[in-house]
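Novice: Sequence:
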Amino acid sequence: QMNDSEQLLPWPFRATSEAISKSISRELSREQQKAKPLLKDAQRLIKKDKDLVALLGTPIHIQPIFSGSSSTSTVNWKETKRIVDRFVVEGSKNKGVATLTADKYKKGHILALRVDVSGIHYDVDT
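In our numbering, the protein residues as written are 2 to 127.
Think of the hints as simulated: they come from the structure by calculation, not from any bench.
None of these values were measured; they are calculated from a predicted model.
Built from N, CA and C at the ideal position, the CB exists for glycine as well.
Be careful, since some hints might not be right.
As the list claims (entries may be wrong) - Straight-line distance between alpha carbons at most 25 Å, and here's what the computed SDA-like set of lysine to any residue pairs gives:
| no. | residue 1 | residue 2 |
| --- | --- | --- |
| 1 | Lys94 | Ser70 |
| 2 | Lys48 | Ile61 |
| 3 | Lys37 | Thr59 |
| 4 | Lys49 | Lys105 |
| 5 | Lys105 | Arg115 |
Said to hold, decoys possible - Beta-carbon label-pair distances, calculated as ranges:
| no. | residue 1 | residue 2 | range |
| --- | --- | --- | --- |
| 6 | Lys79 | Lys48 | 26 to 34 Å |
| 7 | Thr81 | Ala55 | 18 to 26 Å |
| 8 | Lys48 | Ser72 | 39 to 47 Å |
| 9 | Lys105 | Thr59 | 25 to 33 Å |
| 10 | Lys49 | Thr75 | 28 to 36 Å |
| 11 | Ser119 | Thr81 | 32 to 40 Å |
| 12 | Ala113 | Lys51 | 18 to 26 Å |
I would like the entire structure built from these sequences, with the hints used as guidance.
Specialist: Given below as structure tokens:
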């Protein structure tokens, strides 16, 4: 499916643009597959927070990640991979934006989970 700006391009450029778009969407879906266990864990933690559940309303739905980043560092030959993902958490009454910080190599993975609802920050116990 081409957008208007791609239709104006000659064929070789249009084909390259389409290939890049497909590659990016494949990479995003691969990353989202890797993030699924973290999102399930985040959903479990959010549902355990009675105050947050009362504010959001039930049922609570976790939307796909809309922003993510990762960084790797090594200190004393010990590697750390920090992951920060942002996603929308939606209930029957309100919705908010969750920020999940995790360490890929640590047991339990999630280091911090914060949900912002109407400008108020809720730190979820991890």
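Novice: All hints are to be evaluated individually against the structure, with a verdict given for each.
Specialist: So, going through the hints one by one against the coordinates:
1. Lys94 with Ser70: With Cα atoms ~29 Å apart, lysine 94 and serine 70 exceed 25 Å; violated.
2. Lys48 with Ile61: Since the Cα atoms of lysine 48 and isoleucine 61 sit roughly 8 Å apart, the hinted pair holds (cutoff 25 Å).
3. Lys37 with Thr59: The given pair, whose Cα atoms are some 21 Å apart, holds under the 25 Å limit.
4. Lys49 with Lys105: holds, 23 Å
5. Lys105 with Arg115: holds, 18 Å
6. Lys79 with Lys48: 26 to 34 Å: Roughly 33 Å apart at Cβ, these two residues keep to the hinted range, so it holds.
7. Thr81 with Ala55: 18 to 26 Å: Once the Cβ atoms are compared, 35 Å apart, the range 18 to 26 Å for alanine 55 and threonine 81 is violated.
8. Lys48 with Ser72: 39 to 47 Å: Violated, since lysine 48 and serine 72 (Cβ atoms, about 29 Å apart) do not stay within the stated range.
9. Lys105 with Thr59: 25 to 33 Å: Between lysine 105 and threonine 59, where Cβ atoms are some 31 Å apart, the hint holds.
10. Lys49 with Thr75: 28 to 36 Å: holds, 34 Å
11. Ser119 with Thr81: 32 to 40 Å: holds, 33 Å
12. Ala113 with Lys51: 18 to 26 Å: Between alanine 113 and lysine 51, where Cβ atoms are some 19 Å apart, the hint holds.
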